[in-house]
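Colleague: Each chain is listed here by its residues.
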Amino acid sequence: MVETRLDGLIREKGLYQCLECGKCATSCPRCMSGKEYSPRLLAHKVIAEREDEAFIENAIWECLTCDLCSERCPSGVDFSGFIIEMRAILAETKGLKGYRAHDGAVHAWMRMMAIPELKQHRLGWLPEGLRVKSAGEVAYFVGCAPYFDVFFSGIEVNTLSIAVDSIRILNFLEVEPVVLADERCCGHDLLCTGDRENFEALCRLNFAAFKEAGVKEVVFSCPECYFVWKEYMPRVCRGFDLKVTLLMDLIDQEVSKGGITFSPLNLRVTYQDPCRLARMVEGGVELPRKLLGLIPNLRLAEMEHFGRGAVCCGNSGFINCDAYSKFIQIKRLQEARSTRAKTIITSCPKCMIHLTCAMRDKAKTGEWKMEIRDIHSILAQDIGWFKG
Amino acid sequence: MPVNVLAICCNWSPWACLNQAGMTGLVLPENLKVIRVMCIGRINQALILKAFEYGADGVILLECRDEDCRYGPGPKVGHENVERVRRLLSLLGIDQHRLVEVSFGAHEKVEFVQAIEAFVNTIERIGPLTQARKKGGDLWWKQGLTD
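Respectively, the protein sequence lines represent chains A and B.
Quick note on numbering: the working numbering labels position 323 of the first sequence as 1380, and the sequence is numbered without any gaps.
Quick note on numbering: the working numbering labels position 4 of the second sequence as 7, and the sequence is numbered without any gaps.
Just so you know, these hints were derived from the structure itself, not from any lab.
Only a predicted model underlies this, so the values are computations on that prediction, with no experimental measurement involved.
Careful: at least some of the hints might be erroneous.
Residues of chain B clear of chain A, computed beta-carbon distances all greater than 12 Å [said to hold, decoys possible]: (1) P5; (2) F55; (3) Y57; (4) E86; (5) R87; (6) V88; (7) G96.
Not the full set, but computed from the structure, chain A residues with beta-carbon under 8 Å of chain B [to be verified]: (8) Y1156; (9) P1203; (10) V1207; (11) E1343; (12) W1442.
Cβ atoms here follow ideal geometry from the backbone N, Cα and C, with glycine treated the same way.
The following block holds chain A by itself, in its conformation from the complex (with noise of 0.2 Å):
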């Protein structure tokens, strides 16, 4: 017999060994959240009642891809890849790709950004004082902040400070990051949704575009454009061989050389850990907690949910955002602030976008208002060398 593309995905993500055990829908967000959705029956329905197309073809736009499931499987089945691996398939076979937030704007800019010939006027943001470059060998990636702090305006959220705040932690270690004019998106969201076209067109413009900058080494402080170059670029581009560095990583390897002092900062935080860092990369638990413990007078309170079992900010890939979403920030929220901290500090800008989203709520003025920052300005902020 042969076996289909369907098939192979099935095995490949290891579907078949599901024990119908139900960990997965009663760790999965949205699941939890009310949604009529579950992995569990997912996996049941492309494996035994392939013929319920129209029950497969929605659930399959519902996930987060935040791997909470996975992480509860006791058979190591590969969810968020089978889920993404099959939006691919959906794109290409029947034009489908889930229910858009905000129309769809975040990803038309992403696909017009995969256009070769586009010339970005992107770098408009960066502030006097700061050191970059035009070509080396270790760059910055900025991502699509600078689009974001435009777009998401009305919320009045800055992203562009974690890049900022990237770039002087970087200048402070002597590096002048090369900061590439011509950057594009790293495509995750394009990825997320299934238009392999275009996400692997970005994938390439920007490879090529590192390359002739003179790169050897892409330090990052978004998890996502991490976990894509990490993981798809490699797959996607030929000859890929660039380095692939997180900014929280490499701060790690600077302090334990020895020099380095954070002032102290009486405050006492919680910590939402993005889906790509906590549960995708190796340490991306302990680091930022070894980061943050690095600072004096900070106290750092866990939320009930925190770590690789951290819940998701409610939206990933900018689909799914609906009463179900808000319904799991508002939880986060309440869990952040049943810690008693002043300040959520998150890695992400996503997490950082979402979460000050439902904070907004006008019903609810004040009721879940939190400061949020992220960790790359607070260790920006405190960071100094030893004078002893």
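With chain A fixed as given, assemble chain B onto it according to the hints.
Modeller: Okay, now just chain B, sitting in the frame of chain A:
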């Protein structure tokens, strides 16, 4: 070079202008596509961005004057969206003159036609937006799917 210009026209004052212009024999440029909406407040950042993604060389929003809006905040929403999308276009390296908004009173048929002519002339002078014609965008377009 032929250009594609998209006009998004509010159903009230601007549409009245368009009607009167038609009745009095005023002629609109041929390469203009008009989409009628109930209020310019219906249009969001995504719809304007996608017009460019799908091959528009210029987009003009035709709206009521602020004080004439039948629903309240329509034109103000329009101003906000135009301001933000212009900044996004600028990041993407697309000339900001390719997106404009003009407001009209219900009787301004001559001004209406002149504004459209002036805009089409501007776009013809700047030329087609070759760098934004997208493979992916065209693909969705051809499949006849709404995005």
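Colleague: Does each hint hold? Answer for all of them.
Modeller: Cross-check of the supplied hints:
no.	hint	result
1	P5	holds, 19 Å
2	F55	violated, 7 Å
3	Y57	violated, 9 Å
4	E86	violated, 9 Å
5	R87	violated, 6 Å
6	V88	violated, 9 Å
7	G96	violated, 4 Å
8	Y1156	violated, 11 Å
9	P1203	holds, 6 Å
10	V1207	holds, 5 Å
11	E1343	violated, 36 Å
12	W1442	violated, 36 Å
Violated hints for the displayed structure, listed by number in ascending order: 2, 3, 4, 5, 6, 7, 8, 11, 12.
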